[in-house]
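Protein sequence lines correspond, in order, to chains A and B. Here the first sequence is numbered in our numbering, starting from 15 and rising by one per residue. Here the second sequence is numbered in our numbering, starting from 15 and rising by one per residue.
Since the hints were made in silico from the structure, they are not lab data. Do not take every clue at face value.
[Stated by the list, open to error] DMTMM-like mimics (lysine to aspartate or glutamate), calculated; alpha carbons at most 25 Å apart, straight line:
hint, chain 1, residue 1, chain 2, residue 2
1, B, Lys184, A, Glu78
2, A, Lys328, B, Asp129
3, A, Lys470, B, Asp206
4, A, Lys470, B, Asp461
5, A, Lys374, B, Asp206
6, A, Lys184, B, Asp129
7, A, Lys374, B, Asp129
8, B, Lys328, A, Asp129
9, B, Lys470, B, Asp113
10, A, Lys374, A, Glu327
11, A, Lys239, B, Asp262
12, B, Lys243, B, Glu314
13, A, Lys86, B, Asp461
14, A, Lys470, B, Glu314
15, B, Lys470, A, Asp206
16, A, Lys239, B, Glu435
17, A, Lys239, B, Glu462
18, A, Lys243, A, Glu127
19, B, Lys239, A, Asp262
20, B, Lys470, A, Glu462
21, B, Lys86, B, Asp53
22, B, Lys184, B, Asp262
23, A, Lys470, B, Glu462
24, B, Lys470, A, Asp461
25, B, Lys243, A, Glu314
26, B, Lys328, B, Asp290
27, B, Lys239, B, Asp206
28, A, Lys374, A, Glu435
29, B, Lys86, A, Asp461
30, A, Lys121, A, Glu37
31, B, Lys184, B, Glu327
32, A, Lys243, B, Glu435
33, B, Lys374, A, Asp129
34, B, Lys374, A, Glu127
35, B, Lys470, A, Asp201
36, B, Lys121, B, Asp77
37, B, Lys243, A, Glu58
38, A, Lys243, B, Glu314
39, A, Lys374, B, Glu127
Protein chains: 2
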Amino acid sequence: MPANHHYVPHPVSEDARSALLAELAAILPAEALRVDEEDTRPYECDGLTAYRQLPLAVALPADEAQVVAVLKACHRHCVPVVARGAGTGLSGGATPVTDGVVLSLAKFMRIIEIDAAARTARVQPGVRNLAISEAAAPYGLYYAPDPSSQLACTIGGNVAENSGGVHCLKYGLTVHNVLALRVALIDGAVLDIGTAAPDAPGYDLLALLIGSEGMLGVVLEATVKLTPKPQMAQVVMASFADVVHAADAVAAIIAAGIIPAGLEMMDREATAAVEDFVHAGYDLQAAAILLAESDGTPAEVAAEIAAMCALLEKAGASQLRISRDEAERLKFWAGRKAAFPAVGRITPDYLCMDGTIPRKHLARVLTRIAELSREYGLRCANVFHAGDGNLHPLIMFDANVPDELRCATEFGGRILELSVEVGGTITGEHGVGIEKVRQMCVQFSADELAAFHALKAAFDPQRLLNPGKAVPTPRHCSEYRLTGSARGLPPA
Amino acid sequence: MPANHHYVPHPVSEDARSALLAELAAILPAEALRVDEEDTRPYECDGLTAYRQLPLAVALPADEAQVVAVLKACHRHCVPVVARGAGTGLSGGATPVTDGVVLSLAKFMRIIEIDAAARTARVQPGVRNLAISEAAAPYGLYYAPDPSSQLACTIGGNVAENSGGVHCLKYGLTVHNVLALRVALIDGAVLDIGTAAPDAPGYDLLALLIGSEGMLGVVLEATVKLTPKPQMAQVVMASFADVVHAADAVAAIIAAGIIPAGLEMMDREATAAVEDFVHAGYDLQAAAILLAESDGTPAEVAAEIAAMCALLEKAGASQLRISRDEAERLKFWAGRKAAFPAVGRITPDYLCMDGTIPRKHLARVLTRIAELSREYGLRCANVFHAGDGNLHPLIMFDANVPDELRCATEFGGRILELSVEVGGTITGEHGVGIEKVRQMCVQFSADELAAFHALKAAFDPQRLLNPGKAVPTPRHCSEYRLTGSARGLPPA
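Construct the complete structure from the given sequences, taking the supplied hints into account.
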C-alpha cells in the first residue's frame, strides 16, 4: 500500500532534485549516498510493512558535520528528510516520503562515555538499546526501558517514539530515562538540551523532543540514566478462567500500592501462538495469564511476591507459578517478548495496535474487542502492559485476501477510538506515525491540533522533517470527521 | 527596586487601558476587579520581595468562562497578563508588569474529584499543595511533591515553576506527578493536555507547559498522581566536621544504588539559624549535617537505614542519630523545612539561590561559595537537596545598607554561573522568573534561546503572557555578555 495516504507531498522540481543530489554527493563519500532503486529498496518501510515508499535517496552520514550539511542542503532545496534508526518502529515513523531523503543514523554506533559514579551513559543515536545495558553491565548498571525490539532498535529511535517496554511501569518510559540530548534542527542549528542535573531552566525542550517522532529535530547524541541492577527478580505467572478476573487482579495489585517491576497480560490467542513457538510453559487452559514481576533485595522480593500471590488468589487465579530460578524467570518472559513474532508465524500479516486505557476499563474494553473480532471475522490476540493499561491487540489478516487489510485497519481504528472514548489514548509507546494519524482527529480538538502545528512551525516552518506523520492537517480531520468514525472509511 | 529591569513594556495607550478596564468591569463583579492602589498593592510582588511593581489591575475570576473572557479582552487590547497563585514563588514569576493585569486564580479552590482506585486527584489551580494530601489522606494516599511552602503554595504555581521539595529525589518533581492539565491560551482557546493514561500522542505539551512559568498558558485544572503513603519512614541525621566529607557521603549513598526518600544537607550557618528558631536538636558542633530518609515497609526501612549508616560512618560522620519515632522524625525535618524563615530572622534580607550541580562537584562548589562569601563580606547559609545536587545558598544582606543588594545579587549570579561551569543549571525548582533571567544568557547558546523564543511565539506571538520573565531577549544577552560575567554589572 502506498504510504502517506493523507500527505500531499512537497512539490520538488527536477532541478531541485538534481541540485540536491549533486550537493549530497559532495558532502558524502560514494558508499554513503544511495540513489539506485536496489540500494534504496531496503529503506522503503519500517516495522509497519503494510506501507512502502521509495525515497529519493538514502544518506548515511558518519559524523555530525555530515548530518548538519545534509540537513542544510535539504533545507535549502526544500526537500523532506526522514531520520531513521534501525527501522523497527511499528507505526511508520520512519516510512520514507515521496521525493524525500532518508537520513540513516546507522553509523552513529559509538558509546562515548559510561560514568558509573553519576550513573549516566553518553551515546550516539545509532547505538542499540541493549548495547547500552551490555556496556553498563560491568558496573552493575543497565538502561531500564526495554522495548521488545531492544536487541535491534536504537536509542535515537527510542527517543523519537518515547519507547517503553515491559518494565516501564516501574522504571518509566524513555522520557523518564534520558537526561540530555544533542539535536540538529532542519536548518542545521545544533542544540544541547537538558543536563545531567535534575532539572533545566527554560521550556522543557527535552520532553518536547522525546516522542516527537522525528518531526522537530535529529538526535546527534543522548545522555541516558543508568539504573542499578536489582539484586534479584522473580515473576509470578497466574492463570485466569476469564479476562475479567485477570483485569480485576491487575486493579487489585495497583490499588494495594504495589508497583511491580512488570505486570503483563496475555489472552489465550496469544499464549497459544507463543507456546508453539518458544515453549515458555504457559497454561493453555487459561483464558488469560498474568505475569507479575518483583525486583529488589531478596527480602523485598519475597514480601512483594507473597503480597501479589495473595491478591491474585483473591481475584480468582486458578493457578499460580512462581519462577524458581533466573532461567525460569527468563523463560516466562521469553514468551511475552516473542509474542509478536509468534503471532507472525500463524498469520500472513498482522496489525499491532497500541491504545492505552484507564486500568478500570480493562475488562470492558477486552470484551468489546472480542465482539469486534467476531464482527470483522478477524482473529485478534491480546498482549499487553496491563499495569499501564497499554493494550497491544494483534489483529491477524491476510493482505492477499481482497478487503482484509481494509477490514483490519478499520477494526484497529475502532479499538483506538474505543480507547479514547473510555478516557485513554491512541498510543502508549509505538507512536502515531502514519498508522494512527486519523485517530489523532478523534483524540484532539481543533485547538489542540492547532497548538501542535504552531509548535511544529516554531522548529520547522516548511514542514520538511518527517512530513505527513503524527499530526493530521485540519483538512484531513474535517474529511475524517465527516465520515463519523473509523467505520465508513475507504482504505487508509 | 523596580521589577523587570530588562523588560521593555508593551506600550499600552490610555485609550486601550480604559477600554480594557471597562470590559473587565463588564466581565467581573465589582469585588473581583481591583484597580485602586490600596487594592493592588498586596499584589506588587511575590516571594522575591526585592522587586515590586504595581499592576494596572488585578482580576479575580471565579470560573473558567471569566478567565477566558479576561484573557480574550487583554489579548484584544494587547495588554500583558501575569497569572498568580499564592505568590510564594522565589524568582519573581508572579511579579506584575507595568500596565499589565494580574490574573489571580485564588478563587479556584475546589478539589473536583479524588479517584482512589486510579490514584488521581482532579483539582482547580488555586488548591493548596498540602490540601491535596489532606483530601487524599483518608484513602492512604498523598500528593508527593512537597515544596517547603506547601502549606500556602498552590498547584497552579507548582505547575508553573515545576516545583520539587525534599522528597523529590525519590518521588520526582511536579512534572513527574501531573497527569493532565486543562489550560487557557492567551487567545482564550482551552486545551486539554495529557491524560490519566500513561502516555499521550502528539508533542508533549504537558511537559512543555509544566515549568513554563506562566508564559504559555493559564492552568484551569490539573489531574495529579496520588502516591500510597509508605508504611513508615525514618531519618538518620549525620554530623560532619567539614562539608567535603558530607559531600562524599552523599556521593557514596547514591553510588551504592540507594534512592533515599530525602537526602538533605545544611551547613553550620544554616543549622545555627534553625536551632535558635525551632529547636530541632541539630548538632551545632558539626560543620555540616546530612538528613537521609528511608521510607517503605519496616523491613525495607530497617535495611536501608542500616546501609546508609554504614556508608555515612565510612565517609567520616562524627555522630549519627536515627529518629526514634514519628514525632522525632518530624522534628528533624521541621528544622530543614523552616530553614528559610529561620535565616529570615537573623538578617534583614536574603536572596535564595537555586543552582543545581552534578553531585561529584558538591565539595568544590561549596568551597568556592565560602570564598565568595568572604570576598563579598556577606554571610551565606547553605541548605540543599544534596541528593539532587540542588543548592539553596541563602545570601544574607541588608537592603538599607547602600550597595548590599547589588553585592548580594552579584554574589548570587556568580554562584549560578559557577553551577553552569561545572555542568549544572541555574535553577532546580524555583524557576528563572526575573531573578535569574541574566544567567540564562550563560546557560544557553543563541540558537537555544532562539528555540525558546520560537516556541513562545507559537503560543503567544504578541508576548502578552508574563512578558519579560524567564527567557532573555538576544539584545539583553549581548549586553550582558559584553560585561563578561555577573561581576561588573550595574544593579539588576
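Point to revise | Pair hint outcome, A/Lys374 versus A/Glu327 [Cα-Cα no greater than 25 Å] | key: holds (19 Å)
Review point. Do the alpha carbons of B/Lys470 and B/Asp113 lie within 25 Å of each other, as the hint requires?
Key: holds (21 Å)
Practice item. Would you mind confirming whether the straight-line C-alpha gap from A/Lys239 to B/Asp262 stays at or under 25 Å? Key: Cα-Cα ~21 Å, so holds.
**Study point:** Straight-line alpha-carbon gap A/Lys374 to B/Asp129, limit 25 Å
**Key:** holds (11 Å)
Review point. Is it true that the CA of B/Lys239 sits at most 25 Å from the CA of A/Asp262?
Key: Within the cut-off at roughly 21 Å; holds.
Review point. If you draw a straight line from the CA of A/Lys243 to the CA of A/Glu127, is it 25 Å or shorter?
Key: holds (19 Å)
Point to revise | Restraint check for A/Lys239 with B/Glu435, where alpha carbons must lie at most 25 Å apart | key: holds (21 Å)
Review point. Are the Cα atoms of A/Lys470 and B/Asp206 separated by 25 Å or less?
Key: holds (18 Å)
**Study point:** Agreement of A/Lys239 and B/Glu462 with the hint, judged by alpha carbon distance not exceeding 25 Å
**Key:** Measuring from Cα to Cα gives roughly 23 Å; hence the hint holds.
Point to revise | Hinted pair B/Lys470 and A/Asp461, Cα distance within 25 Å | key: OK: B/Lys470 and A/Asp461 at ~16 Å, within 25 Å.
Exercise for review: Take the C-alpha atoms of A/Lys374 and B/Asp206, compute the straight-line distance between them, and say whether it is at most 25 Å.
Suggested key: Given that 25 Å is the threshold and the Cα spacing comes to 21 Å, the pair holds.
Review point. Does the alpha-carbon distance linking B/Lys121 and B/Asp77 stay inside the 25 Å limit?
Key: holds (8 Å)
The structure fails to meet hints 1, 14, 26, 32, 37 from the earlier list, while all remaining hints are met.
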